[in-house]
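Residue numbers (the numbering used here), protein chains in the order written: chain W, 1 to 302; chain R, 1 to 390; chain U, 1 to 354.
Don't take every hint at face value.
Derived list of chain W stretches under chain U, where covered just means 3 residues or more per stretch with a C-beta under 8 Å from a C-beta of chain U [what the hints assert, rightly or not]:
1) 87-95
2) 112-120
3) 167-175
4) 233-239
5) 276-286
With a straight-line Cα cutoff of 27 Å, these simulated DSS-like cross-link-like pairs (lysine-lysine) come out [to be verified]:
6) R:62 - R:369
7) R:294 - R:316
8) R:46 - R:294
9) R:46 - R:335
10) R:369 - R:46
11) R:294 - U:298
12) R:62 - R:46
13) U:298 - R:369
14) U:298 - R:62
To be clear about the criterion: a stretch of chain U counts as covered by chain W if any three or more of its residues have a C-beta under 8 Å from a C-beta of chain W, and this derived list gives those stretches [said to hold, decoys possible]:
15) 12-21
16) 98-106
17) 264-278
18) 307-315
19) 324-335
For the record, the hints were derived by calculation from the structure and aren't laboratory data. Note that beta-carbon positions come from the ideal geometry of N, C-alpha and C, so glycine has one too.
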Amino acid sequence: MSLQLVFDALSLGGIYAIAALGIALIFGVMNLVNFAHGQFIACSVFALILPSADAVATMGLGALPAPLLIAAILAFGAGLAVAAEALVFRPLRNASPVALMVASFALGILLQNILLVAYGGRPKAVSLWPQLGSPVQVLSAQVPLLQLLVIGAVALILAGLALMLKRARVGLEMRAAAEDFDMARMLGVRANGVISGAFALSGALAAVVALVLVTQTGVADVRMGGQIMLVAFIATVVGGMGSLAGAVAAGLALGAASALLQAFLPVEARPFRDAFLYGLVILVLLFRPQGLFASVGAKPRV
Amino acid sequence: MKPAICVLALLALSAPAQAEDITIGFAIAKSGWMEAYDTPAATAAKIRIDEINAAGGLLGRKIAVVEADTRTDRAGAAKAGLDLLDQGAQMMIVSCDYDFGAPAALVAEGEAMISFFLCAEDVKAGIQGVGPLSFSSSVLAPVQGATMAEWAHARREARAAYVLEDTFIEYNKGICTGFEWMFPQLEGAAIVGRDSFKNDDASIAAQITRIKSLGDEPDVIMLCSVMPGAAAAVRQIRAAGIDSLILNGSAVDGSYWLDATPGLSDFVLPVQGSIHGDDPRAEVEAFNRAYEAKTGARPASQYAYPGYVLIDLWAKAVERAGTVEGAAVTAELEKMSDEPTAFGPRSFSSELHHQNTALMQIVEISDGKPARIDEWRISQPVPLDVLMGK
Amino acid sequence: MSASRTTRHQVRRRMAATTPLLLALLLVAFVVAITAFGDRASARMASETLIRVTLVAGFWIFAGNSGVISFGHAAFACVGAYVSAWTTLAPAMKATLLPGLPAMLADARWHVLPASLVAGLAAAALALVTGAAILRLSGIAASIATFAFLAMVNTIWANWTPVTGGTSSVVGLERYVTPWVGLGWAVATLAAASLYAASASGLALRASREDEVAASASGIDRYRHRLAAYTISAFFCGVGGALMGHFIGVINPDAFYLNLTFLMLAMLVVGGIGSLSGAVVGVLAVSLAVEVLVRMEKGVSLGGLTFALPPGSQEILIAAAMILVLVFRPAGLLAGREITLPARWVTGRGAAND
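Please build the complete structure, drawing on both the sequences and the hints.
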């Protein structure tokens, strides 16, 4: 049973990790806590189906074969994020972090209500790759193929990002901008390009979470992505603001903690699982307020 | 003399045209997520109102409808209720859900006016939670759970049950309460395990692991949940290879969610009437066709039916009382015992303005297709303290 | 220095003192206008707006002075609403709906005024205990900790069914909140907020908001002042929550979660987080805008034609409007300035010129 638990924990943690990465990317370059990220996820899910208020959904992009579908949804997520940056966040670039936060909150509400008007409030069934749900025997555990794919995807994405950030020029520029934005601009880094790139990546990651969610649950609902986004924020901060690896590690840890609590709490306490989880978060913050893997520039030097 | 007779005759002729309409107010959600549930039930209510008006009206007067949007917001519900009072409503129909209907119902209660919940299935949507003039026309959640328990035991030899409760809303807890009251009483039956999840959980892998770690697969899994969590849970349960019979409450009625688990089988739920065209009662299919004529599509779920039933019952009570005045009509409603309606008999009493037992149609989904296969009425009414959740 | 000359400092102090008076006058004018010209629905809108003033001004006491965005104040409103319900509901109703209440609360049947005071005190007590831990953190860590706190309170409240009713609404709260009751509490909150802002603690807190390092070099104990502001702020949010509950008559944990948090934050930021006047103006602006849009959704008749917005557009337009306000005035409508009488009026004849 314990190997099964490991896989359960890893797959839930993987989803949170990908979401946390999306949040941390934008926070790194713009000091913005993007409260619209949950709606980026929801919009990417709804991009699979045609807009209508009917009870049954008809597949739009969702009818494409798998490689095209993935590419299309990733492009949609990236495009949505870049558009949001250009229209909402770029004019606010020099505003206070609070104003940015509220603007992203407002953007989230805007997107959610647009979805409500376009698709109606009733959740819709969307069956995407149902064969991925069937279990695969791995040693003593029976693991749904999707879980294995999620774990594999997290590893791939992390490796790819790490490579890009260390080796590619655009990754270098992003790291420089995250560390000291003004200095980077003076050295010739194009601010708009870096920020748009970060948003595009973040949007694509939101689309990945969307695909995982819809394959896992089989439904499209306007309120999707909200709960994951909240956990992703907490993971970003607990991992250490500005540290991408920290965000991923914290996302994995939170997912693991949630799965472990669900498995080991007595049945009367299980509905309070989230209260225990958030209590743990507060404890971690009390002992390491700068986060578990804070980057060098995190603490202000006097 | 002649002119006076002419005037009197004119007055007599014009009197019926001057008689006031009876005004029914609808405090429902026309925007926000609750709209998907309120609109079908309200449409059904209006179908019955049209039928009554076409047959000559109520107490010789036409029924007029006024509406106000609650916007799926509690404060909005209270405002909608007040708005309807200003428009002269004499009976208040409120939202399908206790939380969103109660603020408007309380406004009506304060004016000694009857309030009717469109399809609330919580016992508090009545005397216990609003006041002595409040009613609901749907079937209580614990009754749905108890019906599943007794039916599965009698017809499918269910002896070992696993309860999986979605902690999202009160309705879900009500279904499980009813199941957990009825099932252990039945011969040879026992609940072998329990677990909970939240409707918006990204994955219920841990809960599924727990089910699989039982020695034998349970005969039935009582899933107490609503959309979208219910569809997600079913998909994950079947994907994990668990083939137990899955039971749920009426909230998952409809085929709109079945794409989430293609080829779903062994899933059973109770409904007040079948939307699939196979209900043995002709009036049900007649209603389905009338609904299609009015809106262009058949009802998407059984939650349209309580709207029709409520107008039916209220109108009968008004006819018997001879007035629309709240207390008098309430007294007539409370006398109803197994009053026949198109969707089964309905009863009210001075302690309970809900159904604590009901004739339910049993719908089973086989290979992704729902069909009505049976009907069941529980052998004993659910006691009040179980309904109150003790 | 002759006795008739007033220093610039004294002038500014007098100007600052006029702020709560002017804001209170503004609110009184608002209520009088609504009562004279509005209908029952407008009166309810006025009550709701004044309750929001209480909530947002209370929120400002902490967030505006310390610069720390707290996401947890909706939890104080939740506690306040439920404490007020526990102490004012009929014992018979509590016996059926909330069987887990301790005997002292289950039998209590108080008048609404002491109930709302106790509601505020309970929220303040919770703030004192949790703030003692959370407020040692700085910057974004503190904000996220308050967020975790909000989620904890919400989870506990939604599942502790015997005591709170869980996800089921608690009904039967006495609906005593008229626009005048709302006005009374709003003015009290404004007075308290101004007094705190003008006090030494408020000043110290604002100093630490502006420059953390310089303030601590000047000997300011940021933690102590933050805790004081947090506790006072929680008191008024608790009262605001009690008022909310008694306004609608029905309470449920999810009415005190993310939607309320966003609304409070948005109103504060739209008006300008730096000043109390900004908080009040933000509440009034957003509430009036929402009301106008809701009426337009219901339908407005011009001449013989009825023109109505499609349902669901009100939320979209408000969100878009908020984004636009922030784009064009990122510091808020009042950009951190307070509404005061001009200096000339405060000094009497002639301007101060030392």
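Structure-based check of each hint:
1. 87-95: holds (count 5)
2. 112-120: holds (count 4)
3. 167-175: With 0 residues close enough to chain U, the hint is violated.
4. 233-239: With 4 residues close enough to chain U, the hint holds.
5. 276-286: holds (count 6)
6. R:62 - R:369: violated, 42 Å
7. R:294 - R:316: holds, 24 Å
8. R:46 - R:294: At roughly 10 Å apart (the allowed maximum being 27 Å), residue 294 (chain R) and residue 46 (chain R) satisfy the hint.
9. R:46 - R:335: holds, 25 Å
10. R:369 - R:46: violated, 30 Å
11. R:294 - U:298: The hint holds at about 23 Å.
12. R:62 - R:46: Roughly 13 Å separates the two Cα atoms, so the pair holds.
13. U:298 - R:369: Between residue 298 (chain U) and residue 369 (chain R) the Cα gap is close to 41 Å, so the pair fails against 27 Å, i.e. violated.
14. U:298 - R:62: Between residue 298 (chain U) and residue 62 (chain R) the Cα gap is close to 25 Å, so the pair holds against 27 Å.
15. 12-21: Contact hint for the region 12-21 of chain U vs chain W: violated, 0 residues under 8 Å.
16. 98-106: violated (count 0)
17. 264-278: Coverage by chain W holds for the region 264-278 of chain U (5 residues, Cβ < 8 Å).
18. 307-315: With 4 residues closer than 8 Å to chain W, the region 307-315 of chain U meets the three-residue bar; holds.
19. 324-335: holds (count 5)
This entry does not satisfy hints 3, 6, 10, 13, 15 and 16, going by the numbered hints stated previously.
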